[in-house]
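Engineer: Sequence:
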Amino acid sequence: MKFTVIIPTRNRDRSALELLFYLRRSLEWGCPIVVVDQSDDRGKELANQIKDSQLNGILHFVHNQRGTSAGRNQGARLAATDWLLFLDDDVRPAAGYLESVTNYLKQNPWIDAVQPGLEQQVAWQQYRKDPKSWNRQRLDVHVRLPESEDKDGVLWFTSSAVAGFETATIGIASGNFAISRAAYFGAGGFDEQMEGLGEDREFGLRLWWYGYRVYLYPQAVAFHLRESAGGLRYRKSRLSRIFDPEPAVGSVYFYLKWFPGKPYRRMIGGHFWKQWKRPWVAPLKVIRLYRAIAQAKRRLARGAVYLAKPRPRFQVIGAPGSLFQTERRAI
18 MKFTVIIPTR NRDRSALELL FYLRRSLEWG CPIVVVDQSD DRGKELANQI
68 KDSQLNGILH FVHNQRGTSA GRNQGARLAA TDWLLFLDDD VRPAAGYLES
118 VTNYLKQNPW IDAVQPGLEQ QVAWQQYRKD PKSWNRQRLD VHVRLPESED
168 KDGVLWFTSS AVAGFETATI GIASGNFAIS RAAYFGAGGF DEQMEGLGED
218 REFGLRLWWY GYRVYLYPQA VAFHLRESAG GLRYRKSRLS RIFDPEPAVG
268 SVYFYLKWFP GKPYRRMIGG HFWKQWKRPW VAPLKVIRLY RAIAQAKRRL
318 ARGAVYLAKP RPRFQVIGAP GSLFQTERRA I
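All you need for this note's numbering is the position in the sequence shown, starting with 1, plus 17.
If you are wondering where the hints come from, they were derived from the structure by calculation, not from laboratory data.
Note that beta-carbon positions come from the ideal geometry of N, C-alpha and C, so glycine has one too.
Accuracy of the hints is not assured; some may be wrong.
Claimed, not checked - When the alpha-carbon atoms are kept at most 16 Å apart in a straight line, the in silico EDC-like pairs for lysine to aspartate or glutamate are as follows:
(1) Lys68 / Glu35
(2) Lys291 / Asp169
(3) Lys302 / Glu263
(4) Lys123 / Asp99
(5) Lys314 / Glu263
(6) Lys291 / Glu263
(7) Lys19 / Asp99
(8) Lys19 / Glu116
(9) Lys279 / Asp169
(10) Lys19 / Glu45
(11) Lys302 / Asp261
Said to hold, decoys possible - FRET-style restraints, in silico, Cβ to Cβ:
(12) Ala97 / Arg283: 41 to 47 Å
(13) Glu116 / Gln143: 17 to 23 Å
(14) Trp226 / Arg315: 19 to 25 Å
(15) Asp99 / Leu72: 22 to 28 Å
(16) Phe78 / Lys279: 41 to 47 Å
(17) Gln142 / Gln71: 24 to 30 Å
(18) Arg319 / Trp127: 34 to 40 Å
(19) Val298 / Trp226: 36 to 42 Å
(20) Gln71 / Arg153: 29 to 35 Å
(21) Lys149 / Lys291: 43 to 49 Å
Whole structure, please, built from the sequences with the hints as guidance.
Structural biologist: Shown next as structure tokens:
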């Protein structure tokens, strides 16, 4: 199985370069790597650093669009392998990650996408002290936390699974997952109307909707370092940030697109009433909420921006029921 690693980045030259060195020198990955660079300097700084590093097999592509959804889609266009592996620039896979994912997919050829386990920065620091002896503790939790009436059912339903065992999942963590090229293009890739918050929930839901199979495989582990700058953290004045839409426009758009009835009204109502606990900021919060709704409705009117037209799995890969029909005939 051959993979192309796709790394979207913006204004985080140091983090992106450290990841490239880590993949090539520490993990000794030889697969092609595509870096989609949306930095404000049009990729000049990172391009120079990659050239000076003498790292081979890296395609550095300067992308004029903004948003991780558009960046990932562009990386998929440039990839020539049958499998795509997406990593954010602040994610670091553990040793054996790629080999473990490859073996798992070979043993389970019916799976279209794999969501490896994800640990946070504290675990990364522990791992770096002694990688050979570090062991992920088994998570003694449910695949999803129990739903209750006072929680958002949509977020519960579309969350990526958290467990210490293999399980099917609808939600997918976009900064650390592998997917077949056929499934990625078949489901349409990421919706570029979503710029980096909630886009993974939307893509995971669409994979499920069209019949593609996503599995959590926590035995392969990556670490999320959580960079504090760059990425989608745009440089704005404090005054301009006061009127930023809230909730995120992409999240409101997601509800309008998939759950426009009661779930949408419940989410908006919950956000609205939450503000009245702090009446001194409520008027400003209402303005921000109004802006988020208005912008999300404009995106909805324009329509989704996909890499390709989404198609059901049976049209792209094969009918999901064919295996079971064969088993019934054998019985």
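Engineer: All the hints need checking, so say for each whether the structure fits it.
Structural biologist: Hints, one by one, checked against the model:
1. Lys68 / Glu35: 14 Å, holds
2. Lys291 / Asp169: 14 Å, holds
3. Lys302 / Glu263: 7 Å, holds
4. Lys123 / Asp99: Holds, at roughly 13 Å.
5. Lys314 / Glu263: Status holds; Cα separation ~14 Å.
6. Lys291 / Glu263: Judged against 16 Å, a Cα distance of about 12 Å means the pair holds.
7. Lys19 / Asp99: 6 Å, holds
8. Lys19 / Glu116: The hint holds at about 11 Å.
9. Lys279 / Asp169: Holds, at about 11 Å.
10. Lys19 / Glu45: Given that 16 Å is the threshold and the Cα spacing comes to 15 Å, the pair holds.
11. Lys302 / Asp261: The hint holds at about 10 Å.
12. Ala97 / Arg283: 41 to 47 Å: 45 Å, holds
13. Glu116 / Gln143: 17 to 23 Å: Given a distance of about 22 Å, which is inside 17 to 23 Å, the answer is holds.
14. Trp226 / Arg315: 19 to 25 Å: 24 Å, holds
15. Asp99 / Leu72: 22 to 28 Å: At 24 Å between Cβs, range holds.
16. Phe78 / Lys279: 41 to 47 Å: 42 Å, holds
17. Gln142 / Gln71: 24 to 30 Å: 29 Å, holds
18. Arg319 / Trp127: 34 to 40 Å: This hint holds: roughly 36 Å between Cβ atoms.
19. Val298 / Trp226: 36 to 42 Å: 38 Å, holds
20. Gln71 / Arg153: 29 to 35 Å: 34 Å, holds
21. Lys149 / Lys291: 43 to 49 Å: Hint holds: Cβ distance 47 Å, inside 43 to 49 Å.
The structure is consistent with each of the numbered hints, conforming to all of them.
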